[in-house]
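**Student:** Respectively, the protein sequence lines represent chains R and C.
Heads up, the first sequence is in our numbering, so the first residue is 1 and it goes up one at a time.
Heads up, the second sequence is in our numbering, so the first residue is 1001 and it goes up one at a time.
Treat the hints as calculated values from the structure; they're not laboratory data.
Virtual Cβ for every residue (Gly too), placed ideally from N, Cα, C.
Careful: at least some of the hints might be erroneous.
Partner residues are not named here, just some residues of chain C that face chain R (Cβ under 10 Å, in silico) [claimed, not checked]:
1. Arg1013
2. Phe1024
3. Ser1035
4. Met1053
5. Val1064
6. Leu1113
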Amino acid sequence: MQALAQPRRREILELVRAREMSAGDIATHFDLTRPAISQHLKVLRDSRLVTERRDGTRRFYRARPEGLSDLRKFLELFWDYRLGMLKDAAESDQTRRAGRGASPEPSEGKGDSDSDVS
Amino acid sequence: MTSVDLVITKEIRIEAPRETVFSFFTEPDQIVRWSGTEADLNPTPGGIYKVQMTPEALALGEYVEVTPHSRVVFTWGWDGAPADGVPPGSSTVAIDLKADGDATILTLTHTGLPEAAVEQHAGGWDYFLGRLVVVGAGGDPGPINIGGPH
């Protein structure tokens, strides 16, 4: 399942990110057949990146915002954590090096409580 | 604007010169101090970037750009991840280093992430997220097991 490997599907997702749109309206934005659009929408729906609402014979689609949030949350924390470790390691090297010569700022490299990760 | 690009940007100030910080992205002995346990690196465009981050998570990619002391770009993903996860080479991490007096401002930009990873792997993310929070609070999260069922 590669819901977003296909550029068209990413474009569809972008279209319905801010507002709900019918399948027909979505189709007017692309130079694709209706069956091809329907197929893309089905993949997006099956992977739970969009929600589908039926009204009579019409179908409306909208992006599920929470579909994107977990990966972002994970990576934000992942890099905060890793870069925090990088900062500690680099600064402990620096402290060691400074300790051999003139040390302008004799601080403990490890256990630096004041992390600048933003 | 044709896609829902997921971009992660981080900026951090490190009290060490750029030369030192740069080595943490190009030298195996240095990279394992913040990013894993074992590494195989060939910091030249097209060269391998392979870091065993945890016993079960292997980060794989290739260096794209290596400009001594100012910029490192590499592709990045997890070995064995499905196409809708973050497989090797599927995303790109750019590291920019700017001198600020004796310190370095590091900017990390992670782009090209496959948004579809989210739903299918939500359980995995939640699991890892929980571990990071524990580690961040100074606790021991216990043996890692992100490969298996949980």
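**Student:** Could you run down the list of hints and mark each one as holding or not?
**Tutor:** Hint by hint, here is what the structure shows:
Given hint, Arg1013(C) at the interface with chain R, holds; its Cβ is 4 Å from that chain's nearest Cβ, closer than 10 Å. Here the hint on Phe1024(C) is kept, as its CB sits about 6 Å from the closest CB of chain R, short of 10 Å. Interface restraint check for Ser1035(C): the shortest CB-CB distance to chain R comes to about 6 Å, inside 10 Å, so the restraint holds. Proximity of Met1053(C) to chain R holds as hinted, the smallest CB-CB distance being about 9 Å (cut-off 10 Å).
The closest approach between the C-beta of Val1064(C) and any C-beta of chain R is roughly 18 Å, which is over the 10 Å cut-off, so the hint fails. Annotation: Leu1113(C) was flagged as interfacial toward chain R, and the flag holds, the nearest CB pair being 7 Å apart, inside 10 Å.
Hint 5 from the list above is the single one not met by this structure.
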